[in-house]
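2 protein chains.
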Amino acid sequence: MRLEYVGIRVKDMDESIRFYTELLGMKLLDRAKIPTTKGETAALQSPGSKLVLELNYYEEGSPFATPYEAGDGLDHLGFKVDDVKAEFENLRRKGATVALEPFEETNDKEATGFLAFVQDPNGIWIELFQ
Amino acid sequence: MRLEYVGIRVKDMDESIRFYTELLGMKLLDRAKIPTTKGETAALQSPGSKLVLELNYYEEGSPFATPYEAGDGLDHLGFKVDDVKAEFENLRRKGATVALEPFEETNDKEATGFLAFVQDPNGIWIELFQ
Chain A
1 MRLEYVGIRV KDMDESIRFY TELLGMKLLD RAKIPTTKGE TAALQSPGSK LVLELNYYEE
61 GSPFATPYEA GDGLDHLGFK VDDVKAEFEN LRRKGATVAL EPFEETNDKE ATGFLAFVQD
121 PNGIWIELFQ
Chain B
1 MRLEYVGIRV KDMDESIRFY TELLGMKLLD RAKIPTTKGE TAALQSPGSK LVLELNYYEE
61 GSPFATPYEA GDGLDHLGFK VDDVKAEFEN LRRKGATVAL EPFEETNDKE ATGFLAFVQD
121 PNGIWIELFQ
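Each protein sequence line maps, in turn, to chains A and B. Mapping of the first sequence onto the numbering used here: residues 1 to 130, in sequence order. Mapping of the second sequence onto the numbering used here: residues 1 to 130, in sequence order.
In case anyone wonders, no lab produced these hints; they're calculated from the structure. Treat the hints with care, since some could be wrong.
Identical copies look the same in the list; a pair holds intra-copy or inter-copy alike.
[What the hints assert, rightly or not] When the alpha-carbon atoms are kept at most 35 Å apart in a straight line, the in silico DSBU-like pairs for lysine-lysine are as follows:
hint, residue 1, residue 2
1, K27, K94
2, K109, K85
3, K109, K50
4, K85, K33
Kindly produce the complete structure, drawing on both the sequences and the hints.
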């Protein structure tokens, strides 16, 4: 078996599609209603990446439409960029919520370079790295 | 920019690595301490998949070691398998926590086949699909 895609839950499908396409440059592959869950899904992909991000929305009355807390399970989504500082400023200018200004990180083996974090409309942390 | 990896937060690094390698068949690519965050990360990948799953652990005293709630942000991780029912029984036998027994799902366009869900050691939902 293999990990094929990652599904995040969103509070507003249109707003989240707008964020992931217009701000983060992903392409909308598909969007479909799911009667079983009283929900809707959308699949997105970055050009040049095989990773599929699925947005999951549950309408009122769905058994999965629990009060939304972004929570700790999803730590962050990692987006590779050419220039962390430039992309961070670009996203800030476009209205993305700032989580952490650009900073330099090292692990116990090597310097891992500049990182910065913004938040998606659901409060999910988006990492920018080079 | 492109979506490159997904990072989930885990409560116990060894237990989570065991689950994703021994039960879900992923390979451990790397594991490193991160002094900046008082944390540790591990990168995993399924054979045949380009998607990297990063496990993030934060030790006591780390600014990110908030009380752990799996939360709603990460809806689920999707694993493609050859046979949903057989793999679900296999994982149950190996001690995985059951979330949803196998069931058939359709969307507004097509039948999407059998799905089943188990939970990882952090409470994160793992979807099995064919």
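How the hints compare with the structure:
1. For the homomeric pair K27 and K94, the shortest alpha-carbon distance inside one copy (18 Å) is at most 35 Å, but the shortest distance between copies (38 Å) is not.
2. For the identical chains of this complex, K109 and K85 are intra-copy neighbours only, at 24 Å inside a copy versus 42 Å across copies, given an alpha-carbon limit of 35 Å.
3. Taking the closest pair of Cα atoms, K109 and K50 come within 35 Å of each other both inside a single copy (28 Å) and across two copies (23 Å).
4. In this assembly of identical chains, K85 and K33 lie within 35 Å of each other by CA distance solely across copies; the values are 25 Å between and 38 Å within a copy.
The structure fails none of the hints (numbered hints given earlier).
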